[in-house]
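Student: Spelled out from the first residue to the last, the chains are:
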Amino acid sequence: MEKKLAMVIDSFACIDCKACQAACKEANKIPVGKWRNWIKSPDVEAAARKGGRMLFQPGNCMQCEKPTCVEACPTGATYKDASDGTVKINRELCIGCGQCLPACPYGARYRHPELRVADKCDFCAERRAAGLEPACVSTCPNKARVFGDLNDSRSDVRQLLKKGNFVQVVNKESNTDPHIYYLGDPGVKDWPVKAQMPSAFAFWKNMAGPAMKAFVGLSAVGVGAMLVKQFIMPNDAPEDKDKGGDEHE
Amino acid sequence: MMRPKIKIKEGMNMSNRMIKRHDQGAILIHWFNAICWFFLLATGLGLIENPALQPLGQWWPNLMKDIFGGGAILLKAHWIVGIVWAGVWLLFLLVGIVRYTLPFLKQIMTYTIPRDIQWMVKKNMQMTMGYKMMAKLVKPFGWDGKIPDQGFYNAGQKAAAAGMISGAVVIVITGVIMLISKVYLNPDQTPLVQWSITIHYIAAAVTFGILLIHIYMAAISREERPAFISMFTGEVPEEYARHHHKLWYEKVES
Numbered sequence: 001m002e003k004k005l006a007m008v009i010d011s012f013a014c015i016d017c018k019a020c021q022a023a024c025k026e027a028n029k030i031p032v033g034k035w036r037n038w039i040k041s042p043d044v045e046a047a048a049r050k051g052g053r054m055l056f057q058p059g060n061c062m063q064c065e066k067p068t069c070v071e072a073c074p075t076g077a078t079y080k081d082a083s084d085g086t087v088k089i090n091r092e093l094c095i096g097c098g099q100c101l102p103a104c105p106y107g108a109r110y111r112h113p114e115l116r117v118a119d120k121c122d123f124c125a126e127r128r129a130a131g132l133e134p135a136c137v138s139t140c141p142n143k144a145r146v147f148g149d150l151n152d153s154r155s156d157v158r159q160l161l162k163k164g165n166f167v168q169v170v171n172k173e174s175n176t177d178p179h180i181y182y183l184g185d186p187g188v189k190d191w192p193v194k195a196q197m198p199s200a201f202a203f204w205k206n207m208a209g210p211a212m213k214a215f216v217g218l219s220a221v222g223v224g225a226m227l228v229k230q231f232i233m234p235n236d237a238p239e240d241k242d243k244g245g246d247e248h249e
Numbered sequence: 001m002m003r004p005k006i007k008i009k010e011g012m013n014m015s016n017r018m019i020k021r022h023d024q025g026a027i028l029i030h031w032f033n034a035i036c037w038f039f040l041l042a043t044g045l046g047l048i049e050n051p052a053l054q055p056l057g058q059w060w061p062n063l064m065k066d067i068f069g070g071g072a073i074l075l076k077a078h079w080i081v082g083i084v085w086a087g088v089w090l091l092f093l094l095v096g097i098v099r100y101t102l103p104f105l106k107q108i109m110t111y112t113i114p115r116d117i118q119w120m121v122k123k124n125m126q127m128t129m130g131y132k133m134m135a136k137l138v139k140p141f142g143w144d145g146k147i148p149d150q151g152f153y154n155a156g157q158k159a160a161a162a163g164m165i166s167g168a169v170v171i172v173i174t175g176v177i178m179l180i181s182k183v184y185l186n187p188d189q190t191p192l193v194q195w196s197i198t199i200h201y202i203a204a205a206v207t208f209g210i211l212l213i214h215i216y217m218a219a220i221s222r223e224e225r226p227a228f229i230s231m232f233t234g235e236v237p238e239e240y241a242r243h244h245h246k247l248w249y250e251k252v253e254s
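In the order they appear, the protein sequences are chains A and B.
Residue 19 in our numbering sits at position 19 of the first sequence; the count goes up by one each step and never skips.
Residue 83 in our numbering sits at position 83 of the second sequence; the count goes up by one each step and never skips.
What the hints contain is simulated information worked out from the structure, not anything from laboratory work.
Computed footprint of chain A on chain B, listed as stretches where at least three residues anywhere in the stretch have a Cβ under 8 Å from a Cβ of chain A:
{"id": "1", "region": "48-60"}
{"id": "2", "region": "117-130"}
{"id": "3", "region": "176-185"}
{"id": "4", "region": "194-200"}
{"id": "5", "region": "207-214"}
{"id": "6", "region": "220-231"}
Straight-line C-alpha distance at most 30 Å; calculated DSSO-like pairs for lysine-lysine:
{"id": "7", "chain 1": "B", "residue 1": "K139", "chain 2": "A", "residue 2": "K229"}
{"id": "8", "chain 1": "B", "residue 1": "K123", "chain 2": "A", "residue 2": "K229"}
{"id": "9", "chain 1": "B", "residue 1": "K182", "chain 2": "A", "residue 2": "K88"}
{"id": "10", "chain 1": "B", "residue 1": "K182", "chain 2": "A", "residue 2": "K80"}
{"id": "11", "chain 1": "A", "residue 1": "K80", "chain 2": "B", "residue 2": "K76"}
{"id": "12", "chain 1": "B", "residue 1": "K20", "chain 2": "B", "residue 2": "K106"}
{"id": "13", "chain 1": "A", "residue 1": "K205", "chain 2": "B", "residue 2": "K65"}
{"id": "14", "chain 1": "B", "residue 1": "K136", "chain 2": "A", "residue 2": "K229"}
{"id": "15", "chain 1": "A", "residue 1": "K194", "chain 2": "B", "residue 2": "K182"}
{"id": "16", "chain 1": "A", "residue 1": "K229", "chain 2": "B", "residue 2": "K132"}
{"id": "17", "chain 1": "B", "residue 1": "K65", "chain 2": "A", "residue 2": "K66"}
{"id": "18", "chain 1": "B", "residue 1": "K65", "chain 2": "A", "residue 2": "K88"}
{"id": "19", "chain 1": "A", "residue 1": "K205", "chain 2": "B", "residue 2": "K76"}
{"id": "20", "chain 1": "A", "residue 1": "K18", "chain 2": "A", "residue 2": "K163"}
{"id": "21", "chain 1": "B", "residue 1": "K65", "chain 2": "A", "residue 2": "K4"}
{"id": "22", "chain 1": "A", "residue 1": "K88", "chain 2": "B", "residue 2": "K76"}
{"id": "23", "chain 1": "B", "residue 1": "K246", "chain 2": "A", "residue 2": "K229"}
{"id": "24", "chain 1": "B", "residue 1": "K65", "chain 2": "A", "residue 2": "K80"}
{"id": "25", "chain 1": "A", "residue 1": "K162", "chain 2": "A", "residue 2": "K80"}
{"id": "26", "chain 1": "A", "residue 1": "K189", "chain 2": "A", "residue 2": "K50"}
{"id": "27", "chain 1": "B", "residue 1": "K123", "chain 2": "A", "residue 2": "K213"}
{"id": "28", "chain 1": "B", "residue 1": "K76", "chain 2": "A", "residue 2": "K34"}
Computed from a predicted structure; not experimentally measured.
Cβ atoms here follow ideal geometry from the backbone N, Cα and C, with glycine treated the same way.
Let's have the full structure, built from the sequences with the hints guiding it.
Tutor: Structure below.
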């Protein structure tokens with residue numbers, strides 16, 4: 001049966017220790033200065049107003065149901081894998097154009113400095129193939145991160161979501177239906193960043209695409225008209241004038 | 001270049017005499033270009049997986065990826081043939097600069113404006129409506145029903161050549177930018193790659209639009225059939241040359 005892999009993150013259990021980030025870097029050999037996962041920095045001012053309680057929001061690629069990064073990829077190098085619901089990158093097909101980077105509202109993607117292709121969290125595909133949980137999940141000392149299959153009714157994630165007291169952190173204008181669900185209070189719930197389609201992509205989609213279809217279509221119609229004329233109309237060329245070679249000799 | 005002038009009997013045996021129009025180098029590069037172009041067009045369209053951008057529908061990228069065994073190989077095939085296509089062309093244009101490149105550029109860039117405009121208008125009307133209708137329609141503008149004489153290339157061929165050459169230059173430049181994206185370019189240079197993808201598509205589409213007309217004229221239309229055959233044999237019948245490229249014919253025969 002098809003899987004739908006997801007994470008349930010208990011914000012109250014997170015202590016901002018960054019162990020998940022370190023484990024991810026180690027497990028996936030993430031280049032210096034880049035991260036596949038994060039714990040969003042707490043807003044101290046807001047925390048102070050709420051009585052001093054710090055709120056943490058651990059995250060990574062949310063393997064969205066409606067991934068805007070996939071929408072921005074021209075070649076299909078970034079795609080949603082139907083077998084496990086994760087968003088994958090075919091590095092061989094990716095040409096490193098970077099259009100998917102701003103298309104992710106969560107900033108989950110970066111361009112790999114050496115490979116020069118898009119890179120992001122894949123729920124530790126290598127570790128899962130070896131029967132392990134994602135590195136960030138295994139390493140979390142407070143078990144704030146829980147990983148599993150939403151299509152499996154006995155999975156931990158399904159059990160945790162049963163009560164319905166979870167939130168998805170989404171931008172209202174570009175709701176991608178992310179597969180990270182937060183228990184407790186993740187702080188910011190209305191995600192402030194909207195998915196951005198790069199201007200070159202938008203220009204192709206909205207202007208160049210229809211214009212080129214019209215241009216090639218017009219050309220085809222013109223050629224078609226000539227073809228029809230060739231078949232239904234007799235050749236009425238005034239050939240006789242030239243044939244004798246009188247005036248052109 | 002000088003050839004003996006042959007006396008031709010009126011109306012008789014004229015079509016038997018052939019005039020050299022293309023040499024073997026020109027014929028070879030033409031068919032090399034044609035084969036590469038169709039391969040690159042098919043594979044290039046196959047690489048547009050995004051449904052918002054794909055002009056033919058998803059069946060095309062699916063078909064291409066099935067034939068090639070996946071997007072990665074499809075992309076590599078597009079790259080390799082693209083590099084070979086551009087490389088062979090570059091070599092041809094450099095080695096043949098005196099024999100082919102400069103004479104060709106001179107031919108396609110020499111416009112005789114009033115004559116060529118009149119040709120464009122009349123020829124298009126004649127091709128779609130016939131001679132009689134064309135003659136009737138242009139009469140109010142003070143033009144007769146005669147299609148103006150043309151040189152080695154007619155005005156349509158010159159315009160098509162200019163369009164297709166510009167298209168090819170843009171395709172090669174944007175293609176190279178996309179190719180080096182994964183090798184040299186940094187994240188702050190990716191907007192260049194993004195616009196290259198879009199412009200690559202536009203240039204290919206414009207060229208293809210022109211190509212449709214080129215293919216119709218050469219391979220399908222009745223009138224230009226001898227020109228199509230000459231792309232294999234190198235020769236056109238004298239009557240065709242005189243009728244369709246009179247200024248060139250007169251130059252060759254003088």
